[in-house]
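There are 2 protein chains.
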Amino acid sequence: MPLQDDMKIISIDDHVIEHPRVWLDRLPAALQDRGPRIIEDEQGHHVWKYDGDLYPQIGLNAVAGKDPKDFGMEPVRYDDMIPGCYDPAERVKDMDIDGVQAEMCYPSFPGFAGGVFQRARDKDLAYACIRAWNDWQLDEWCAQAPARFLPLSLVPTWDPRATAEEIRRVAAKGSKIISFPDGPVPLGLPSFHHKTHWEPVWDACEETGLPLGLHFGSGSFVPGFSFIGSTSTSRPMGESDDEHVPSLVATAVFATNSMWSTADIVLSGMLQRHPGLKIVLAEGGIGWIPYQIERMDYSWGRHRWYQEVSKTDRPSDLFKKHFWGCFVEDYHGIANRHTIGVENILVEVDYPHSDSNWPNSRKQIAENLADVPDDEARMIVETNARKLLNFWL
Amino acid sequence: MPLQDDMKIISIDDHVIEHPRVWLDRLPAALQDRGPRIIEDEQGHHVWKYDGDLYPQIGLNAVAGKDPKDFGMEPVRYDDMIPGCYDPAERVKDMDIDGVQAEMCYPSFPGFAGGVFQRARDKDLAYACIRAWNDWQLDEWCAQAPARFLPLSLVPTWDPRATAEEIRRVAAKGSKIISFPDGPVPLGLPSFHHKTHWEPVWDACEETGLPLGLHFGSGSFVPGFSFIGSTSTSRPMGESDDEHVPSLVATAVFATNSMWSTADIVLSGMLQRHPGLKIVLAEGGIGWIPYQIERMDYSWGRHRWYQEVSKTDRPSDLFKKHFWGCFVEDYHGIANRHTIGVENILVEVDYPHSDSNWPNSRKQIAENLADVPDDEARMIVETNARKLLNFWL
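In the order they appear, the protein sequences are chains B and Z. Numbering (the numbering used here) for the first sequence: 4 to 396. Numbering (the numbering used here) for the second sequence: 4 to 396.
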């Protein structure tokens, strides 16, 4: 029994599909008509309308419960999805079937880190939409079952001071993590290397204890040579100038985004200025970590002398102190868990996306951990996440 | 003794700095005045002048023999470099000091896969320059010591039929490998997924038995979020819109380019149409391979049904049949060599670039292989390369 019955699975990467009234119920009256709302187009598809623009994806990649042979059929109406996508009571039932105790859900329509609002013309409206999403997540979605959901929050990335303010606001309401772009530069924002721009944000994270959650693709960058230039979610993932490129190529190299985020942050100096910062990588896997920390150490060992980087702090030490990774299936990563750091490994379920093994997530995680001693398995599936996120319900 | 005295090191990733007469000695008279030549600028630096444009790097990153603490000082004149950079007789002496039997050298001024010529306005001139480089490499550089150098050749990437013709020409003269862009798309070329465009090239590679060498960065794409948009060598590696980004970040994530190339090619269908194709990844390391082949298998297992990819050929099987990787230092990769495939691993020295351990390459490779049995060590340092490149001198 690689996974004992009393070990509870805490997944730190799942997804929620916003229901049609998330913003209608919360935006001030003056903003109501321009806020996100669902309309039905001429083909009978449900699409989001926001400040005059249409956003066709309501449930992009919401395939939980479908046979992989039917994965190409993206839902185009709410009634194409299983209700656990958008209804928290139904989600809890799906988690029970799946053997999962708690989930942390990234957004859908807004983009994983609110990229739709980052690119919006009217930033006052966008900020109001972010607060509304956060309140819905805290007051409605997670409040449905506080022991089963870990609240995640968005921030107004275009304004570091407002971001810091929102972090303090949601922390006071019980939020557990801040979703932040894995790569700010493709969104037109300063990089992690900027010495002053993001300081109020990192200060607020340290002060509140909230980690930064960096989900693959949250910087709106699709990895892979054939997708270069496709840096906006307004261009569907998988589309390319070349008529023949399967989107499977991007799916297979999600990790490279997380490798970039890791090298950027580890070599930026921000971790030395903010020793309390915690970084949680989502949907990038863990099997690349042993290679990447060795490579960073080697490169740093040779090049640190003439570059604006720490001369004393080894990248692998910074990684182990500040980073957590997660896996949905990663036998190589688990076999090399001691090189990564058992305490740095978490699990994800990715419901309702196509990487998910629902309704067999617990079974699949148990198979991944078949050769792992009980004490380490418990850390990986449960206690690492509880400590990191201060989640004891 | 992890490395027996009779095991000869064959490095498949090194670099040559073109001397000032490479093109002057070989271009037809009508093209002489626009061909690449070295001039001295007002600061006393040696720079290449080609078809009216100046290219400042003569020895970009040619730091062999320097203390890492002096790495920031790029050579700006030939007399700043050790002569082994540009003189084959001196190179052989440096290889003797380094304990290296044979080297395969990628170009400097042209870009690793001739990107300077791909971007040139006058393609007749560019094609003549490529033939001149190839002839210089075969007739002068490698002819100096045929048992010590593996000839590598460039191709006119903008014209697949001319590329095929050049492959047949250099194969007849003894070339061992074709340098090809690791990512054609950033150069403005069709991707590896195009069903017809590159067919004459792959046909010529199969017919001649020459592998494709894909050097990190040969598609002129610098990896890392902070470098997005920096897709041309006319913009120096390491420069960014953000004033603070150390180029060390890109150095630490070279592997991600090789991961993209691998996923692209494995999932393109070209390997099924060309079962004799061989792909040699250069300067991307090997420690990421166990993760990447597992991830490709997982993604393919779930998504192949509705995408234009093989329904039967497992990505990890295609990788092991068609790909070779190399390392300069990679303890994680060597510890996991059986997952990668011992027969798929080669070594590199990277002289005279900053990843190189010259004059301690043999010592460093021996340390990497300290726990490897003799028969496997011999394959990795020597016989894999001899078989792959049909090199028995």
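Among the clues, some could well be false.
[Claimed, not checked] Taking lysine-lysine pairs in the BS3-like style, the calculated list, with each CA pair at most 25 Å apart, reads:
1) K281/Z - K324/Z
2) K281/Z - K314/Z
3) K69/Z - K314/B
4) K198/B - K176/B
5) K11/Z - K72/B
6) K126/B - K69/B
7) K72/Z - K314/B
8) K198/B - K314/B
9) K366/Z - K11/Z
10) K11/Z - K323/Z
11) K72/B - K11/B
12) K281/Z - K69/B
[To be verified] Coverage of chain Z stretches by chain B, computed from C-beta distances (three or more under 8 Å per stretch; other residues unrestricted):
13) 77-91
14) 223-230
15) 286-296
16) 310-323
17) 327-341
Hints were generated in silico from the structure; no laboratory data involved. The beta-carbon is built from N, C-alpha and C at its ideal position, and this holds for glycine as well.
Outcome of the hint check:
Between K281/Z and K324/Z, the direct Cα distance comes to roughly 8 Å. Compliance with the 25 Å bound is thereby established for this hinted pair. In summary, the hint linking K281/Z to K314/Z is supported, as the alpha carbons are separated by about 22 Å, within the 25 Å threshold. For the hint pairing K69/Z with K314/B, the CA-to-CA distance comes to about 19 Å; that is within 25 Å, so the pair holds. Under the criterion of a C-alpha separation no larger than 25 Å, the hint pairing K198/B with K176/B is inconsistent with the structure, at around 30 Å.
Between K11/Z and K72/B the CA atoms are separated by roughly 50 Å; this puts the pair beyond 25 Å, and the hint is violated. Simply put, K126/B and K69/B have alpha-carbon atoms about 38 Å apart, too far for the 25 Å limit, and the pair is violated. Our distance criterion of 25 Å between C-alpha atoms is met by K72/Z and K314/B, whose separation comes to about 11 Å. At roughly 17 Å between alpha-carbon atoms, K198/B and K314/B fall within 25 Å of each other, so this suggested pair holds.
With a CA separation close to 13 Å, the supplied pair K366/Z and K11/Z stays within the 25 Å bound. At roughly 24 Å between alpha-carbon atoms, K11/Z and K323/Z fall within 25 Å of each other, so this suggested pair holds. Under the criterion of a C-alpha separation no larger than 25 Å, the hint pairing K72/B with K11/B is inconsistent with the structure, at around 31 Å. For the suggested pair K281/Z and K69/B, the alpha carbons sit about 38 Å apart, so the restraint of at most 25 Å is broken.
With a cut-off of 8 Å between beta carbons, the region 77-91 of chain Z has 0 residues touching chain B; three or more are needed, and the interface restraint is violated. Coverage of the region 223-230 of chain Z by chain B holds. Counting CB-CB distances below 8 Å, 5 residues qualify, and the rule asks for three or more. Coverage of the region 286-296 of chain Z by chain B holds [criterion: at least 3 residues with CB-CB distance below 8 Å; count 6]. Interface restraint, the region 310-323 of chain Z with chain B: holds (4 residues with C-beta to C-beta distance below 8 Å; minimum three).
Here's how the region 327-341 of chain Z fares: 6 of its residues keep a CB closer than 8 Å to some CB of chain B, so the rule of at least three is met and the hint holds.
The structure fails hints 4, 5, 6, 11, 12, 13 (numbered hints given earlier, in ascending order).
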